[in-house]
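Sequence order for the protein chains is L and Z. The first sequence: position 15 = 15 (the working numbering), numbered continuously. The second sequence: position 309 = 309 (the working numbering), numbered continuously.
No copy is singled out in the list; a pair is fine if it fits within one copy or between any two copies.
With a straight-line Cα cutoff of 30 Å, these simulated DSSO-like cross-link-like pairs (lysine-lysine) come out: (1) 470 - 164; (2) 162 - 470; (3) 139 - 149; (4) 328 - 165.
Since the hints were derived computationally from the structure, they do not count as laboratory data.
Protein chains: 2
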Amino acid sequence: MLVNRFFERVRQIFPCIYKPPFPHKMEVTAQNFKAVLPMVEKAIDEAQFVAIDGEFTGLNLVKPVSALDLPLERYDALRESSRQFLLVQFGLCTFHYDSKKDLYTNRAFNFYVWPRPYTRNAPDLRFMCQTSSIDFLVKQDFDFNKLFKHGISYLKPEAEEKMKKAIEDRQITRKSNDTPNAQHIPIPEAMETYINEIKTKIQTFIQGNSNTLFLEKSNAFQRRLIYQVAREEFTGIFLESVAVGRDRVIKITKMDANEHAQKDLDRNQSEFDVLDEAVGFAKVIQKLSQSRKPVVGHNMFLDLCYTLNQFVCTLPESYSEFKHLANKTFPILVDTKTMATQYPFRDEIFNSSLEELKNTLMTAPFHMPDVKAVSVDSGYELESEKYHEAGYDAFITGLCFIAMSNHLGTLSKELGPKPRLMPDSPLLKPFFNKIHLMRIADIPYMNLAGEDISPNRDHVFHVTFPSEWKTSDLVNLFSAFGNVQVSWLNESSAYVSLYDPTSAKEVLSALNCSSVYNIMTYGQFKSFEASASLTGITPTLAQSKLSFSDSVSELKELTKKRSISPDPEPYKRSKSVTDDDTPVQTSKNFAESSDW
Amino acid sequence: MLVNRFFERVRQIFPCIYKPPFPHKMEVTAQNFKAVLPMVEKAIDEAQFVAIDGEFTGLNLVKPVSALDLPLERYDALRESSRQFLLVQFGLCTFHYDSKKDLYTNRAFNFYVWPRPYTRNAPDLRFMCQTSSIDFLVKQDFDFNKLFKHGISYLKPEAEEKMKKAIEDRQITRKSNDTPNAQHIPIPEAMETYINEIKTKIQTFIQGNSNTLFLEKSNAFQRRLIYQVAREEFTGIFLESVAVGRDRVIKITKMDANEHAQKDLDRNQSEFDVLDEAVGFAKVIQKLSQSRKPVVGHNMFLDLCYTLNQFVCTLPESYSEFKHLANKTFPILVDTKTMATQYPFRDEIFNSSLEELKNTLMTAPFHMPDVKAVSVDSGYELESEKYHEAGYDAFITGLCFIAMSNHLGTLSKELGPKPRLMPDSPLLKPFFNKIHLMRIADIPYMNLAGEDISPNRDHVFHVTFPSEWKTSDLVNLFSAFGNVQVSWLNESSAYVSLYDPTSAKEVLSALNCSSVYNIMTYGQFKSFEASASLTGITPTLAQSKLSFSDSVSELKELTKKRSISPDPEPYKRSKSVTDDDTPVQTSKNFAESSDW
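Isolated chain L, as found in the complex:
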């Protein structure tokens, strides 16, 4: 909205004197995180449910995904993505129900999160970006300078434990080095003059009136020798290594034994304080997990995987362990895209992208609740219109969840004329922990709390063929069996599904007699693949997993081949894991995708 943008601009120019006319989410960076955290925790504690949304530096590595992927295969692909890309903005919107007024209010927070090197010893993380994702974010006015300058640190519990242990070890070592019988390092001949000069300086300083002495810049080895000299030959002084501009120097302070001991304690404490700050945003996720509140997302598979991997625990290799981890961390997950695409909603909702879903839910037979912001500084209202700001998308997701919940209440005859279905209603249970899987026709969701759907794929065939083949060659091959759908795996293999499954049994006998191509049933191929992975033989499917460095050219070849010219969007298919199936762009749907 233009008027909103105008006020935004005014706000940027005069941040002190200006209050926004529309409710505004709270932006959280390293600068205000400490102050805001208690408010976030309170908001979670007081919420009926919490909606979330993430923004990422990338969505998918180059692995093509197939409409016949199994949930396990989608997990494998996404696990790899979430280990390489970063979640950089986390939107959190808490929804609070006032039973007296029968009204919801909301609080919203946008966290900028960034693996800041919190100490000079912190790991120097390498991570991946996807050009289209960066381009999408920048077009939504995502502020990368703010992210890199002021993003909030984070540490997984496991890393926090390790760091804590390292600090404790260091403090013990320091203490033992500080005793008179600490190991003595012989002073190399070349350093003798240098060390003697330092000794003279310290001697002069101790006899003088000044209370502090800064030595000249030195390297790590020199500093170790200086510490040793101070320990062995002087008393009543305290040494510490401090940064002066770009240099590392030793600062010496006169100090008696008591002050010295206190200073040691302070330093030890400050090391733990730094660690506490480094844990940063992970505390929000810990709080959210401990609250056991329902966590709602829209098309939330990426959000879930990235959040777990970055703030909870490196995603496990095993798919069943992943389900266990997700369940343990967030016992109630609700994906509004799963709701919108399942009974009873699928008959009324034709476009389940977030913006279109919201539009549909604003018209009969649905009813969109009026959810106010708790205050102008914390929370959104519908007219805020900040799509693709993580907090606003989370807010809209929460609205959709309430509208669909209430609609379920309307359908249930046991509730009154103004049904208000709370998130813990048994009517909602069928939707719990079912995470939408994009573009898998016969497995619409992943079931985190139980077995996945195992559809009949007797009408699907795996074909390998010369790499010159195009879709039309496969269509021709199967022409006796009517219309088919081709799902490419790599340049020389694909799944071919019959639209009419009745003649499936005749396919092998009719076609399986060629030296040019090879056909198996879907079931045969899956068994072959499983045994190949046990014996270490690379099955055909694995060839589709292109390496990073070859990605661009190979992907280009592959997608060129798949598209029947003059298809104007040959790149679409490679993106299908992340594109939505609707024309509206959401965070996970930056490429125009109505075509798929």
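On the provided structure of chain L, position chain Z as indicated by the hints.
Only chain Z this time, still in chain L's reference frame:
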């Protein structure tokens, strides 16, 4: 400089009315690239030499580098880095000599370069970032929003050729699809109503007064059917697919056959124009290469590798092919760090980091030339003080080159009292194409135009040992042979070099009788490694090449192990390929590195 920063700020707020008081480099983005390119080409044409500098999203993958690396090994590591990280800012400073005034002037440009997806079909590149590099850049006020929003595209010649071919093919296909006998796609039953409605709309439009019709948003398949209907059933109209906001729609215009043909030509041309724009920054590098001018950099191995890989040609596997590529692209490369660390300069210059080198060259016996900016909008002067802005670092590099060249002139008795050594002087030839190698004591540079130095390493031993061993265990093992230097390869192998080589021959017989550890001479190990790589056996050295995903934890373990506590900078060693050996931070030297 504070005053400079104040003016910078004023300039940001009032860009139109403000002229900087100090000479200012020209900032080049996609917004002004087309206009600036002729000025850049002219500047290169008129230059005596060109200085360059790059800024990168990352410097090194996690491979530890060793002080005993061979040039080939350094190249292998950097080749991998340059394929994964991006060069995002290219500084170019041209130096112009006026022989009448005996004065140099300079022009400087800072190019923001970014692999913008230039069309919807462009490859969607994935690339790596290193947290510390991003942190370094952001602390230097590098504007990432500007980079991502307005960075200049680029395409390597090879990619340009491919794209050109693809456009030509597409245009041929389009032409053949536009003929009456083009392949007919049957209209699916489900689409019949839709297509009939479209037909009615087009019919009404043709009979009406309006000249243009926008159809509603449609997907790619719908659009193909609409094009087909238009071709088969209507004449006098022209269809094109255009973007309206987030949607893709078909625009129909009334048009006779001549206009139609012209429109086709225009569209074809505009596709080549888009390609031309996509080639973008690569044109600057092509121009630089074609000019055959000397290209000067400081510690330029990274700059060279990233520049070649990103704008010229994917770096070859073979080290000799790389040398050939570098030579062919830039026939005269001068690394001012190589100059500063070689005879005769090494005896006068003790710190060869860019800033310290400049300071040294400002004092006797050196003389820093006064190089003015060509104009206030294009070029730097010494007082600009914008370290780590790529263009300024390139400018300072050029100054250092002139100062060192002139000093060579002073030393040569054949020149007059005010020697001015031009870049093509034979006195400079010994420095051509010698690229500095950081922290390899006995191979200070890589020789791009010939054989590399092959030093005697008879005093070096390769040792494998239990992973519990620390540096002190190795020092103890060799204690009979005096002082040693330990260069770790991984947690259970290292090179150990004797400071005193005279007893090298006795080492094996004295120590090679243990089941706990294993010792070979350097020569033996290199032969073993070569034969192992031929037979496919993984030698010990290769174990040091950690994979990306394991990087953080393994690196942490590794570096923890190597540091003798309480070493306050355990991470230093892993960065040694990129740290400078001096305390001043340069682009390639963001970690405090005085310790090395």
